[in-house]
Amino acid sequence: MTPKVQIENLSVHFSKTEAVKSVNMDVDENSVTAIIGPSGCGKSTLLRSINRMHDLVSGAKVSGKVLLDGESIYEKNVDPVLIRRKIGMVFQKPNPFPAMSIYDNVVAGYKLNNRIKKREADEIVESCLKRVALWDEVKDRLKTSAMDLSGGQQQRLCIARTIAIQPEVILMDEPCSALDPIATYKIEELIDELQERYTIIIVTHNMQQAARVSDITAFMYLGEMVECGPTSKIFTTPENKQTEDYITGRFG
Amino acid sequence: MRSLHLRHFKSGLVVISMIIATIIVLLPLCFIFVNIIKMGLSSLSPEFFTSIPKPPDESGGGVANGLVGSGIMLVISSLIGLPIGILGAVYLSEHRHGTFASFIRFCADVLAGVPSIITGMVAYVLVVVPFKSFSAIAGSVALALIMIPIVLRTAEEQLKMVPDTLREASLALGVPHWRTSLKVILKSAMGGVITGILLSVARIAGETAPLLFTALGNQFWNWKLMQPMAALPLQIFNFAISPYDGWHKLAWGGALVLVIIMFSINLAAKSFGRR
Chain D
1 MTPKVQIENL
11 SVHFSKTEAV
21 KSVNMDVDEN
31 SVTAIIGPSG
41 CGKSTLLRSI
51 NRMHDLVSGA
61 KVSGKVLLDG
71 ESIYEKNVDP
81 VLIRRKIGMV
91 FQKPNPFPAM
101 SIYDNVVAGY
111 KLNNRIKKRE
121 ADEIVESCLK
131 RVALWDEVKD
141 RLKTSAMDLS
151 GGQQQRLCIA
161 RTIAIQPEVI
171 LMDEPCSALD
181 PIATYKIEEL
191 IDELQERYTI
201 IIVTHNMQQA
211 ARVSDITAFM
221 YLGEMVECGP
231 TSKIFTTPEN
241 KQTEDYITGR
251 FG
Chain A
253 MRSLHLRHFK
263 SGLVVISMII
273 ATIIVLLPLC
283 FIFVNIIKMG
293 LSSLSPEFFT
303 SIPKPPDESG
313 GGVANGLVGS
323 GIMLVISSLI
333 GLPIGILGAV
343 YLSEHRHGTF
353 ASFIRFCADV
363 LAGVPSIITG
373 MVAYVLVVVP
383 FKSFSAIAGS
393 VALALIMIPI
403 VLRTAEEQLK
413 MVPDTLREAS
423 LALGVPHWRT
433 SLKVILKSAM
443 GGVITGILLS
453 VARIAGETAP
463 LLFTALGNQF
473 WNWKLMQPMA
483 ALPLQIFNFA
493 ISPYDGWHKL
503 AWGGALVLVI
513 IMFSINLAAK
523 SFGRR
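Residue numbers (this note's numbering), protein chains in the order written: chain D, 1 to 252; chain A, 253 to 527.
Hints are not guaranteed to be accurate.
Unchecked claim - Each pair of labels, with its calculated beta carbon distance range:
hint, chain 1, residue 1, chain 2, residue 2, range
1, A, 349, D, 120, 15 to 25 angstroms
2, D, 148, A, 278, 41 to 51 angstroms
3, D, 148, A, 297, 33 to 43 angstroms
4, D, 237, A, 409, 53 to 63 angstroms
5, D, 192, A, 336, 50 to 60 angstroms
6, A, 443, D, 148, 34 to 44 angstroms
7, A, 349, D, 38, 27 to 37 angstroms
8, A, 349, D, 86, 52 to 62 angstroms
9, A, 303, D, 120, 39 to 49 angstroms
10, D, 69, A, 522, 51 to 61 angstroms
11, D, 182, A, 336, 21 to 31 angstroms
12, A, 349, D, 40, 48 to 58 angstroms
Said to hold, decoys possible - Some chain D residues flagged as far from chain A (calculated, every beta-carbon gap over 10 angstroms):
hint, residue
13, 53
14, 84
15, 113
16, 168
17, 184
Hints are computed from structural coordinates only; laboratory data are not their basis.
All C-beta atoms, glycine included, are put in the ideal place defined by N, C-alpha and C.
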């Protein structure tokens, strides 16, 4: 089976600095891959290159390849907009659209693209909010502003918004770093459930979180992929000395 | 202890001089208001708002054609100026560091600083000469040229304040860049953008110089856009420099109405900005 996402020799430059240095990584379908590493090691930069979020950053240059189902996404004839519909993203800080209601936020991907019928929208809103376990909390106030929700609820709303457009891969950029432990626990539970349908790549600062949610863990340091393997192995018998030092808390 | 007294004395002196400076700043404004109300209030009557000016030897008459003419020209210049100004602002905020963007910004700042009489001359050359007639359209083009840089720069400032996280949220949902700019960024900044629009309308509503040789003015009703049209600021100017008492009265009344309009637009802009 070909991996869902293949990263080959990927480097990302910001004007003169090299943030990611020829990284190779394979991600299997319906797996959870965690990318860990100290601040500034390039893990978010790597994540963002998987759905071409660097395209609009002036000065950012991506070289190497990212393959989705065996097809390169950085080819000239590939529309980044379509790539982003297949590879969704959840951000560090919950970022629901402030001018939209809870309801509109869930179907924002459709509404902003001008194509949805009322009945379809109703169905999508209900099913997506149920899947992120938010439905019971908000079903009586779907038309109120999304900004009235708590941080954890907002983040689950953002996940609902992402799965509403039926992506195949979900990228999560430290999705719990702005949340309290209970909200974090709920998101982690959710990641477990989402794994059945989606391929998930999550960047996290929190090593315990990586150990709890992921099948594969990749350790990055100074822009390089130091080690990548089954989570249980990385956390018990890492091959690399740097990895061991990091996960045992000797630096980082 | 002596130094403490001295310090209190100095502090009091500074506070008093600041109060005096504030009063000096406010004095002209109060003077304008009081004077215009005193001189203009007696001219206001139903006739003032419904009829056109009368010949100088008759008393009465109004500025109805000027009010309507100003309204028409404001609408047309907004139709020309707002799309250009707002879409330009979206471009500038999306391409913050580009060389072309800085060039446009520089041009807008220069355009904003051009004396309005020169803007009128430009509209004269662009519209009046080719069509061989003074016209409401020519006046509107002149006003739009004044409006564009104001809208462009105020809207750009508002758009820049929209956090990047919203842009990313929209892009990550597979929304094209241009749709993101219009439906997420512009929509989020709409309150501030509307404030900028209102302030620019208030600014051009009182402009006289750019209309002098474009719209020209008209003593009668005219609904044709390619013909000379009356405008309130022009009427104030023409009546004020005339030697007739009746027309002076109309000028004072017109000035009062213009000030009230500006005041209301500014209040509206403030309330939008606060939301």
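Hint check:
no.	hint	in the structure
1	349(A) / 120(D): 15 to 25 angstroms	violated, 41 angstroms
2	148(D) / 278(A): 41 to 51 angstroms	holds, 42 angstroms
3	148(D) / 297(A): 33 to 43 angstroms	violated, 52 angstroms
4	237(D) / 409(A): 53 to 63 angstroms	holds, 56 angstroms
5	192(D) / 336(A): 50 to 60 angstroms	holds, 52 angstroms
6	443(A) / 148(D): 34 to 44 angstroms	violated, 19 angstroms
7	349(A) / 38(D): 27 to 37 angstroms	holds, 30 angstroms
8	349(A) / 86(D): 52 to 62 angstroms	violated, 30 angstroms
9	303(A) / 120(D): 39 to 49 angstroms	violated, 59 angstroms
10	69(D) / 522(A): 51 to 61 angstroms	holds, 55 angstroms
11	182(D) / 336(A): 21 to 31 angstroms	violated, 51 angstroms
12	349(A) / 40(D): 48 to 58 angstroms	violated, 23 angstroms
13	53	violated, 7 angstroms
14	84	violated, 4 angstroms
15	113	violated, 6 angstroms
16	168	holds, 12 angstroms
17	184	holds, 20 angstroms
This entry does not satisfy hints 1, 3, 6, 8, 9, 11, 12, 13, 14, 15, going by the numbered hints stated previously.
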